[in-house]
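Protein chains: 2
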Amino acid sequence: MTVELISVGTELLLGNIVNTNANYLSQKCAELGYSLYYQITVGDNEGRLCEVLKSALERSDVVILTGGLGPTQDDMTKEAVAKVYNRELVMDEPSRERIASYFTFRNKNNNSDSGVTNNNWKQALKISDAIVVENDNGTAPGYIVEAEGKATILLPGPPNEMLPMFENHIYPYLKKKQNKVFLSNMVKICGIGESKAETDILDLIEGQTNPTIAPYAKSGEVHFRVTAAADSNKEAEELLRPVVEELFHRFNENIYTTDEQETLEDVVVKLLHQKNYTLATAESCTGGLLTGRLVNVSGVSDVIKEGFITYSNEAKIKYLGVQPTTLETYGAVSSQTAEEMVRGAAKTSSSDTALAITGIAGPDGGTEDKPVGLVYIACLTNDKVTVKEYRMKGNRQKIRDQSVIYALDLLRRNLL
Amino acid sequence: MTVELISVGTELLLGNIVNTNANYLSQKCAELGYSLYYQITVGDNEGRLCEVLKSALERSDVVILTGGLGPTQDDMTKEAVAKVYNRELVMDEPSRERIASYFTFRNKNNNSDSGVTNNNWKQALKISDAIVVENDNGTAPGYIVEAEGKATILLPGPPNEMLPMFENHIYPYLKKKQNKVFLSNMVKICGIGESKAETDILDLIEGQTNPTIAPYAKSGEVHFRVTAAADSNKEAEELLRPVVEELFHRFNENIYTTDEQETLEDVVVKLLHQKNYTLATAESCTGGLLTGRLVNVSGVSDVIKEGFITYSNEAKIKYLGVQPTTLETYGAVSSQTAEEMVRGAAKTSSSDTALAITGIAGPDGGTEDKPVGLVYIACLTNDKVTVKEYRMKGNRQKIRDQSVIYALDLLRRNLL
Numbered sequence: 020m021t022v023e024l025i026s027v028g029t030e031l032l033l034g035n036i037v038n039t040n041a042n043y044l045s046q047k048c049a050e051l052g053y054s055l056y057y058q059i060t061v062g063d064n065e066g067r068l069c070e071v072l073k074s075a076l077e078r079s080d081v082v083i084l085t086g087g088l089g090p091t092q093d094d095m096t097k098e099a100v101a102k103v104y105n106r107e108l109v110m111d112e113p114s115r116e117r118i119a120s121y122f123t124f125r126n127k128n129n130n131s132d133s134g135v136t137n138n139n140w141k142q143a144l145k146i147s148d149a150i151v152v153e154n155d156n157g158t159a160p161g162y163i164v165e166a167e168g169k170a171t172i173l174l175p176g177p178p179n180e181m182l183p184m185f186e187n188h189i190y191p192y193l194k195k196k197q198n199k200v201f202l203s204n205m206v207k208i209c210g211i212g213e214s215k216a217e218t219d220i221l222d223l224i225e226g227q228t229n230p231t232i233a234p235y236a237k238s239g240e241v242h243f244r245v246t247a248a249a250d251s252n253k254e255a256e257e258l259l260r261p262v263v264e265e266l267f268h269r270f271n272e273n274i275y276t277t278d279e280q281e282t283l284e285d286v287v288v289k290l291l292h293q294k295n296y297t298l299a300t301a302e303s304c305t306g307g308l309l310t311g312r313l314v315n316v317s318g319v320s321d322v323i324k325e326g327f328i329t330y331s332n333e334a335k336i337k338y339l340g341v342q343p344t345t346l347e348t349y350g351a352v353s354s355q356t357a358e359e360m361v362r363g364a365a366k367t368s369s370s371d372t373a374l375a376i377t378g379i380a381g382p383d384g385g386t387e388d389k390p391v392g393l394v395y396i397a398c399l400t401n402d403k404v405t406v407k408e409y410r411m412k413g414n415r416q417k418i419r420d421q422s423v424i425y426a427l428d429l430l431r432r433n434l435l
Numbered sequence: 020m021t022v023e024l025i026s027v028g029t030e031l032l033l034g035n036i037v038n039t040n041a042n043y044l045s046q047k048c049a050e051l052g053y054s055l056y057y058q059i060t061v062g063d064n065e066g067r068l069c070e071v072l073k074s075a076l077e078r079s080d081v082v083i084l085t086g087g088l089g090p091t092q093d094d095m096t097k098e099a100v101a102k103v104y105n106r107e108l109v110m111d112e113p114s115r116e117r118i119a120s121y122f123t124f125r126n127k128n129n130n131s132d133s134g135v136t137n138n139n140w141k142q143a144l145k146i147s148d149a150i151v152v153e154n155d156n157g158t159a160p161g162y163i164v165e166a167e168g169k170a171t172i173l174l175p176g177p178p179n180e181m182l183p184m185f186e187n188h189i190y191p192y193l194k195k196k197q198n199k200v201f202l203s204n205m206v207k208i209c210g211i212g213e214s215k216a217e218t219d220i221l222d223l224i225e226g227q228t229n230p231t232i233a234p235y236a237k238s239g240e241v242h243f244r245v246t247a248a249a250d251s252n253k254e255a256e257e258l259l260r261p262v263v264e265e266l267f268h269r270f271n272e273n274i275y276t277t278d279e280q281e282t283l284e285d286v287v288v289k290l291l292h293q294k295n296y297t298l299a300t301a302e303s304c305t306g307g308l309l310t311g312r313l314v315n316v317s318g319v320s321d322v323i324k325e326g327f328i329t330y331s332n333e334a335k336i337k338y339l340g341v342q343p344t345t346l347e348t349y350g351a352v353s354s355q356t357a358e359e360m361v362r363g364a365a366k367t368s369s370s371d372t373a374l375a376i377t378g379i380a381g382p383d384g385g386t387e388d389k390p391v392g393l394v395y396i397a398c399l400t401n402d403k404v405t406v407k408e409y410r411m412k413g414n415r416q417k418i419r420d421q422s423v424i425y426a427l428d429l430l431r432r433n434l435l
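In order, the protein sequence lines correspond to chains A and B.
For the first sequence, counting from 1, position 242 maps to 261 in my numbering; every step adds exactly one.
For the second sequence, counting from 1, position 285 maps to 304 in my numbering; every step adds exactly one.
It is possible that some hints are incorrect.
Identical copies look the same in the list; a pair holds intra-copy or inter-copy alike.
[What the hints assert, rightly or not] As a list, the in silico PhoX-like pairs of lysine-lysine whose alpha-carbon atoms are at most 25 angstroms apart: (1) K73 x K47; (2) K389 x K412; (3) K141 x K215; (4) K389 x K324; (5) K141 x K417; (6) K403 x K73; (7) K324 x K417.
The hints are simulated quantities; they were obtained by calculation from the structure and are not laboratory data.
Please read all numbers here as calculations on a predicted model, not as lab measurements.
Next up, chain A with everything else stripped away, as it sits in the complex (with noise of 0.2 angstroms):
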């Protein structure tokens, strides 16, 4: 089965975002045993929409559009492809009243001055003989065209309409299309850079047939896809299991999951809920960051309570109670400091386990001695601190994120 994928947007065009969604959707493809040999970004222009669409459908079984589904004038991808199969655009009632209904809660009691324009009833148009696809985070729905053994899959633009859509729709739907069985395990690293992760598996990743091993770099982690291809699943599930195996042989605890859609805070959240733990954070550059990400846990308030964002000295010593000469002696990014919060958000807070973050992120605030990057990270598990130095590369944004990823392996290797 080959499969095509074309973007649709002047934005891509301009450089005004970057085209996550056909890197998404070719992972997705790769996973599912598609094969994919164009991808084409095209604006929103109906000739050249039209254009494309025709050659792709010439030479590719599936073609998955993403983009142009949207209220305006300027989207026209839905128009381009009933031209192309020469069929009508439809009033579809479900999607109409689904429109109505979105609009009817926003408003509610919301003070919006948003009403739904003539623009969003376009939205509702469908073509003839389509498949609708619900679109549980926005108003444009996505659509499936077949004719003639292949299909046409238009997907909205914005990956937070697109993601959930494919991952609940359509990833289906390919799969089904697809005769063979495919399955995969993602087995995800922290703890060890890429080059060193791949360099202690060349020999696997140079001698794959079946299973594949793919790498994928993520930052300050490592993902392992191993994907099996078989003709039944119990068949493709005796192919990974001792590749899988032989991974958690040379990476022992530095693995935290196998499971695509578990992520590292799951996995802290999990294993805190595991032993009855509460958290709690003290963050100094990371300004809210970590708590945020474990907050994207959907449950944790049974095990986070409180978090402290303490970026001046003045916060350190008023919630956490670290001591005025530590930070005069030590200074408010080293070992000392962090330790200190640590202690005082469980302290006060009556938690079990904390974490503590205090680091220079840049550009500014670097010296010779404390040079931008150098990060310094406490946790605390059964009245034990651990504090650990960590000097990153990187911009502000990159060492800010990386200080979460470490604080979250530190405290799920305490844990375990």
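Chain A is already provided as a structure; the job is to place chain B on it using the hints.
Relative to chain A, chain B alone:
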């Protein structure tokens, strides 16, 4: 002048890397006033590469290819271009010398004796009559092939080699080919939905010629790029000014900046700096995301001293002085609680301004009365508190992200 991008690399088709090169080059081409209608990604496959290059040369003046210039068998961009142009590959002596000296240097510093392999010499071959472009950060040179008034430009794939090569050599080359000046303003709007914003200026969008107006929707925001083309900078500025003024006339204080680089949090921190105000935050459902975003702004430490993540009722009482009776009577997600949170945050931290967020981000915790998406945001400025109720749609992540934007925007408006 039209330009077309061809990204070459199987790793892009498998989704192993995000195509940031296409994004960067698109931005640069827009800046230079080149019209870009197609971006294509293909794998390292000679047949498909020749096919897409031929169609690109038929419809565009300049074709830029990135990737596939490496030393391995896989890399065949140069070979494909030579084939399409019907030219030979010939040894380029300066390139040959550079490669030899690169390896000598590397081995000397590394105590390594890894020699130049035959593959490496492949990188010294150039397409006959091509302009060779030096690579200061790697072994693969770039090339410019000219014929019949058109140009094909070959650049290496790794961004750390491609970017400086483009910046230093290709940008000036393209600029010389282009005789117009292009200037643009990014008008960024918060507090109006995308379709409402477009409807408000539909006459301007429909009547546009020069300057052009292009809308971009971001979560919770709308951006319009206004671009003028002229023979001189001064003339472009004169074309731009009345259109931007008209947008200000229509959107007033909904516009928070016209600067491409400036974010909503930048503007808020700038306003706080101007008034010499400090800010305290109290976050429940956003769990630190608001403060985390503010702390993105370098130099924010003058305005933010501390923040409170009060996820539990106990923490709201203990740190912010919320009355237990308020929580009992109205609930944690209520305008009354939001107001007490914001007053408490300002008081305990002795801050001039404060923001508080309490809401139901879901997926659990919603009731008929208080559904998922119900969020109260309170803002304190000059001892006056404004509380707004919002009813948002979307998943947990979207509700939390929008809450952060609405909170920033509320403070911005109160500071104006």
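Taking the hints in turn, this is what the structure says about them:
In this homomeric assembly, K73 and K47 come within 25 angstroms of each other (Cα to Cα) only inside a single copy, at 23 angstroms, whereas the closest approach across copies is 30 angstroms. In this homomeric assembly, K389 and K412 come within 25 angstroms of each other (Cα to Cα) only inside a single copy, at 13 angstroms, whereas the closest approach across copies is 45 angstroms. Taking identical chains as interchangeable, the C-alpha atoms of K141 and K215 lie at most 25 angstroms apart only when they sit on different chains, with a minimum of 14 angstroms there against 52 angstroms within one chain. Taking the shortest alpha-carbon separations for K389 and K324, only the inter-copy value of 21 angstroms comes in at or below 25 angstroms, while the best intra-copy value is 33 angstroms.
In this assembly of identical chains, K141 and K417 lie within 25 angstroms of each other by CA distance solely across copies; the values are 24 angstroms between and 41 angstroms within a copy. Taking CA atoms no more than 25 angstroms apart as the test, K403 paired with K73 passes in neither setting, with 65 angstroms inside one copy and 60 angstroms between copies. In this assembly of identical chains, K324 and K417 lie within 25 angstroms of each other by CA distance solely across copies; the values are 22 angstroms between and 27 angstroms within a copy.
When held up to the earlier numbered hints, the structure conflicts with hint 6 and nothing else.
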